[in-house]
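All chains, full assembly: derive it from the sequences and hints.
In order, the protein sequence lines correspond to chains B and G. If you read the first sequence in our numbering, its first letter stands for residue 1, the second for the next number, and so on. If you read the second sequence in our numbering, its first letter stands for residue 1, the second for the next number, and so on.
Treat the hints with caution; some may be incorrect.
Said to hold, decoys possible - Ranges of calculated distance between the beta carbons of each label pair, as one might list FRET restraints: (1) B:11 - G:112: 31 to 41 angstroms; (2) B:8 - G:110: 21 to 31 angstroms; (3) B:14 - G:53: 42 to 52 angstroms.
As the list claims (entries may be wrong) - Pulled from the structure, derived: some chain G residues nowhere near chain B, Cβ distances all over 10 angstroms: (4) 6; (5) 14; (6) 15; (7) 17; (8) 18; (9) 20; (10) 27; (11) 62; (12) 64; (13) 73; (14) 87; (15) 111.
Quick caveat, the hints were computed from the structure, so don't treat them as lab data. Glycine is no exception: its CB is placed at the ideal position from the N, C-alpha and C atoms.
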Amino acid sequence: TQTVSQSDAHVTVFEGDSVELRCNYSYGGSIYLSWYIQHHGHGLQFLLKYYSGNPVVQGVNGFEAEFSKSDSSFHLRKASVHWSDSAVYFCAVSANTGNYKYVFGAGTRLKVIA
Amino acid sequence: NAGVIQTPRHKVTGKGQEATLWCEPISGHSAVFWYRQTIVQGLEFLTYFRNQAPIDDSGMPKERFSAQMPNQSHSTLKIQSTQPQDSAVYLCASSLISYEQYFGPGTRLTVL
Numbered sequence: 001t002q003t004v005s006q007s008d009a010h011v012t013v014f015e016g017d018s019v020e021l022r023c024n025y026s027y028g029g030s031i032y033l034s035w036y037i038q039h040h041g042h043g044l045q046f047l048l049k050y051y052s053g054n055p056v057v058q059g060v061n062g063f064e065a066e067f068s069k070s071d072s073s074f075h076l077r078k079a080s081v082h083w084s085d086s087a088v089y090f091c092a093v094s095a096n097t098g099n100y101k102y103v104f105g106a107g108t109r110l111k112v113i114a
Numbered sequence: 001n002a003g004v005i006q007t008p009r010h011k012v013t014g015k016g017q018e019a020t021l022w023c024e025p026i027s028g029h030s031a032v033f034w035y036r037q038t039i040v041q042g043l044e045f046l047t048y049f050r051n052q053a054p055i056d057d058s059g060m061p062k063e064r065f066s067a068q069m070p071n072q073s074h075s076t077l078k079i080q081s082t083q084p085q086d087s088a089v090y091l092c093a094s095s096l097i098s099y100e101q102y103f104g105p106g107t108r109l110t111v112l
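In structure tokens form, the structure reads like this:
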């Protein structure tokens, strides 16, 4: 069974700052990792995914994430945040078994101060 | 492309009443997922259909909850005899057979 940990429940930064949102997972097999964003009152929007290849993946709106097998991590980063990036970010993992259901982390609420 | 459509957006029921939630997946998507979101439990997987067939319902409470996908254009989640602890946002997602899921806006169910 896979598990996901997002250690920071809340992160506050100023507009223009860089940010890193942490995600650690546990699973012994091949895994598929994603990040989703949820603005207040809306459903989840896909940001980016990783399965294999280059461990640094690019997503929408300047987000990128880096996979580390040794650290069991898939941290999300953005070099310069905008106030509109304020939202809840979810890390999600799925075992690569052909069953596509996700296990989600608890989410990190990012607040960007303009 | 209208995205995943969920109706109603909000539903209020009295304890013991039935609630039916609807999901219309993106046209052409062959997989439909249901998740439940609460403050306490976060996002929980409920059930999953592929090409209308139930694949995995391991997250569904054994009693009172059922899901169907009678055709490729919609899926329903039915909760019988609703209880206050069923109050949550129910999210539907669809995908091609892949890990990139597209979520609807959710249905907020409030059980009084």
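Handout entry: Outcome of range test on Cβ distance (residue 14 (chain B), residue 53 (chain G); 42 to 52 angstroms)
Key = 50 angstroms, holds
Problem - chain B versus residue 17 (chain G) - minimum CB to CB distance exceeding 10 angstroms, so not interface - result: 25 angstroms, holds
Exercise for the section: Measuring Cβ to Cβ, find out whether residue 15 (chain G) lies farther than 10 angstroms from everything in chain B. Expected result: 26 angstroms, holds
Exercise for the section: Given the range 31 to 41 angstroms, decide if the beta-carbon distance of residue 11 (chain B) to residue 112 (chain G) lies inside it. Expected result: 35 angstroms, holds
Practice task
Classify the label on residue 6 (chain G) as holds or violated, using whether its beta-carbon is more than 10 angstroms from each beta-carbon of chain B.
Solution key: 8 angstroms, violated
Problem - Closest CB of chain B to the CB of residue 73 (chain G) still more than 10 angstroms away - result: 19 angstroms, holds
Exercise for the section: Grab the minimum beta-carbon distance between residue 27 (chain G) and chain B and tell me whether it stays above 10 angstroms. Expected result: 17 angstroms, holds
Handout entry: Interface exclusion of residue 111 (chain G) relative to chain B, criterion Cβ beyond 10 angstroms
Key = With a cut-off of 10 angstroms, residue 111 (chain G) remains clear of chain B, as the shortest Cβ separation is near 20 angstroms.
Handout entry: Assertion that residue 87 (chain G) lies outside the chain B interface [Cβ separation over 10 angstroms]
Key = For residue 87 (chain G), whose nearest Cβ neighbour in chain B is about 16 angstroms away, the distance exceeds 10 angstroms, so it holds.
Handout entry: Least C-beta distance from residue 62 (chain G) to chain B larger than 10 angstroms
Key = 18 angstroms, holds
Practice task
Check the non-interface label on residue 64 (chain G): least C-beta distance to chain B beyond 10 angstroms or not.
Solution key: Its Cβ never comes within 10 angstroms of chain B, the nearest being 21 angstroms, so this holds.
Exercise for the section: Compute the least Cβ-Cβ separation between residue 18 (chain G) and chain B, then decide whether it is above 10 angstroms. Expected result: 24 angstroms, holds
When held up to the earlier numbered hints, the structure conflicts with hint 4 and nothing else.
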